[in-house]
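Visitor: Numbering (the numbering used here), first residue to last: 208 to 946.
Derived by calculation from the structure, the hints in this document are not laboratory data.
For clarity, every value in this text was computed on a predicted model and none was experimentally measured.
Calculated pairs, BS3-like style, for lysine-lysine (alpha carbon to alpha carbon, straight line, at most 27 Å):
id : residue 1 : residue 2
1  : Lys295    : Lys359
2  : Lys918    : Lys864
3  : Lys780    : Lys816
FRET-style restraints, in silico, Cβ to Cβ:
id : residue 1 : residue 2 : range
4  : Pro470    : Gly916    : 47 to 53 Å
5  : Asn266    : Asp476    : 20 to 26 Å
6  : Glu623    : Asn578    : 17 to 23 Å
C-beta: ideal position from N, C-alpha, C; glycine also.
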Amino acid sequence: MKWLRNPSNVYQTTLNSNISLLCIVGHGGMGKTALLQQVYNDEMTKELDLKMWICVSNNFDVNRVISNMLESLKNERTQLETLDALQKSLESMVKSKKFLLVLDDIWNDDKEQDKNKWENVLSPLASGKLGSKILVTTRMESIALMISNVMKKKNEMLRLDGLKDDECLLLLLRYAFVIVETFNAHHNLLPTTRKIVKKLSGSPLAARVIGGVLNSHLDESHWIRVLNHDIGSQNDIFSVLKLSYLFLPKVLQNCLSFCSIFPQDYEFDKDDLVRMWIALGFIQPSNIRSETTKDAGERYFNVLVKKSLFDKFHNKHRTYYKLHDLLHEMVRFVSGQEYFSIVGDEELSIENPETIRHLYVDTKNRKVFRNMDKFKKLRSLIMTYIWMVPIFDELTEIFKTLKSIRLLCIHAPLEEIPEEIGYLTHLRYLNFVEALMVPLPRSVCNLYHLQFLIYDRDRKFSDDDDFLPSDLNNLRNLHYLKLSSPGMYEIGKLNALQELDGLYVQNLAGYRIEELEHMNELRILDAKDACKAKLCDKRNLTDLSLEWGSLERINHNHENVLDNLQPHSCLKKLKINSFKGAMSAIWMNNVHLISNLEYIRLEDCSAWKTLPPFWQLPFLKSLYLHDMPNVEGFDYKFHENDKIRVFPSLEVLYIKKLKAMEDWFIATAAAYECLFPCLTKLYLEDCPNLLELPSCPPKLEKLEIDNIGWKDCKWLQGISNYCSISIRNCQNLTYLRGH
208 MKWLRNPSNV
218 YQTTLNSNIS
228 LLCIVGHGGM
238 GKTALLQQVY
248 NDEMTKELDL
258 KMWICVSNNF
268 DVNRVISNML
278 ESLKNERTQL
288 ETLDALQKSL
298 ESMVKSKKFL
308 LVLDDIWNDD
318 KEQDKNKWEN
328 VLSPLASGKL
338 GSKILVTTRM
348 ESIALMISNV
358 MKKKNEMLRL
368 DGLKDDECLL
378 LLLRYAFVIV
388 ETFNAHHNLL
398 PTTRKIVKKL
408 SGSPLAARVI
418 GGVLNSHLDE
428 SHWIRVLNHD
438 IGSQNDIFSV
448 LKLSYLFLPK
458 VLQNCLSFCS
468 IFPQDYEFDK
478 DDLVRMWIAL
488 GFIQPSNIRS
498 ETTKDAGERY
508 FNVLVKKSLF
518 DKFHNKHRTY
528 YKLHDLLHEM
538 VRFVSGQEYF
548 SIVGDEELSI
558 ENPETIRHLY
568 VDTKNRKVFR
578 NMDKFKKLRS
588 LIMTYIWMVP
598 IFDELTEIFK
608 TLKSIRLLCI
618 HAPLEEIPEE
628 IGYLTHLRYL
638 NFVEALMVPL
648 PRSVCNLYHL
658 QFLIYDRDRK
668 FSDDDDFLPS
678 DLNNLRNLHY
688 LKLSSPGMYE
698 IGKLNALQEL
708 DGLYVQNLAG
718 YRIEELEHMN
728 ELRILDAKDA
738 CKAKLCDKRN
748 LTDLSLEWGS
758 LERINHNHEN
768 VLDNLQPHSC
778 LKKLKINSFK
788 GAMSAIWMNN
798 VHLISNLEYI
808 RLEDCSAWKT
818 LPPFWQLPFL
828 KSLYLHDMPN
838 VEGFDYKFHE
848 NDKIRVFPSL
858 EVLYIKKLKA
868 MEDWFIATAA
878 AYECLFPCLT
888 KLYLEDCPNL
898 LELPSCPPKL
908 EKLEIDNIGW
918 KDCKWLQGIS
928 NYCSISIRNC
938 QNLTYLRGH
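When you get a sec, could you build the whole thing from the sequences and use the hints?
Guide: Given below as structure tokens:
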């Protein structure tokens, strides 16, 4: 962190004098990436203008790396293709900006052409501002030296050689005993654990993974069996990781093996991966009465996360998961010949294509697609083709030939979808990504086994778009539907639908909100411009997002609409955006009707003056309030002598642009004895009239305030020394009391 604070070497006269470089070197699994994640997400990096995290891996391509940088900065895929255009765009983006760039997992170094490639990647960054930083992770010191030479920098390097045995032991125990108290009842396992640690060579990854193997059976015989298993000699981390696979049940081995077809560093979406597992028949019927197949799939996934086989990542847009590159190599090795991937433009050269069941293809070479008739027994096909040359003929032949496919995902700018897709009668999962203005062919309506249909086009629809065939409602086995469409005719016939992402309602027969009346399997609903629906009967509905069109004036009809959208009391997640009614819905003010809510997000409810009594909700953990300029505070209905519990379970509170809000609540001091007892994160921004909290939340770990009118912070007295505090643009604040 000291290195991050220091400016670049201002005495250098090289092209990259504004930029500092540090390389982290170590064997796989030593924690290089984990260390940089801590740096990348540290509060200190908020002072930077730009941040980029790029996974390079062993398929190094200059255009791809620069494209990924631009995508990281713009949060959208670039349409540029030539190196010159990409370099100019990147140079423009970073010019006079202080940035942090992480280049994770670099491999190539042994050729002069690789050095030239890195010069092409790094040269546009020279326009960055003084204080910019580049962090590199690699397994080889020679790469650190090469990157330093390219940037004409001194070779600053930090080598990670692994944990000491005692540190490795503590890490293993943390993952073996998820509940700390459990360890106190199993001290007899400690001698065996120490012997296991001796075989891990200080690898944090191995400690986590073996901890995951051990946590399924907390008995000595199982731990001794792991110890005596052939996990190789020291420095043989591959055999240690292999053990984690061998100890999995067969159903979880299948799920994990499927993930090996994706490239290294692939960002998995949990929900979408579970859908794929279901489509391929990997999820066994559950013995739990109320558990759906999706619930079982999520349970499978959570077990793999618990066993440290997936790592969880967050950015400001989403949550995703990755396989560590060593785990990816291991799973690829043990999974056999059923799983295969083609990345790059090489020709197909596979000895036994008939053994392959699951295939991932990422190429610009159309010949690869022309030779796919060899894969007669293919069950899943995931294609990425980001190139403007059409592949209509190739797709036509694929659809005619590969009739056993159950899962099809095409990531390509398609201009037309062949009618021959109707030949894929076994299809369970169909996903088109980044297709152009392309209607779905009528033959899709014949895919009667289809369970998951996802079609996100690259632009918004107009009401005149003739996009969906009218018979699409024949797909009665659909469980999940996501369409960027102005509407689907008689969607109510899809009564097996459990998740609906994007419902656009029109005042036309077959397109009205009443279509939802008999869809009682719905679990997640995203409804827009809704008028009325029997949502209160849908006990499986746990996630509801309501978004209105952008109107500039108060619309009292919105209040009637929201009143009629009362959900079942089982609802756990509620989001409302651009609501122009003057007040909240009646059901939102009855705590008993929304008692199970855990997450609430309200945005642009600009006419509200009072917030519902959310402070009474017993399970609410996250509350986000944004752009509600007339809100004065929370509704309060308690007597002066009552001792109330205010937000008894709330952990995260985010309030932004509530400019009229002054008082939090009106109550006696005694009533505040239980104010925010579980709050760990508090974010306040652009609330210039907001008064201080009466007291400091006892578990507060993070406080960020920006443009708040406080003069001092008396309520911070007694705050924990471990609380992170960030204060910006608070001109009236002159000092902090008690801190």
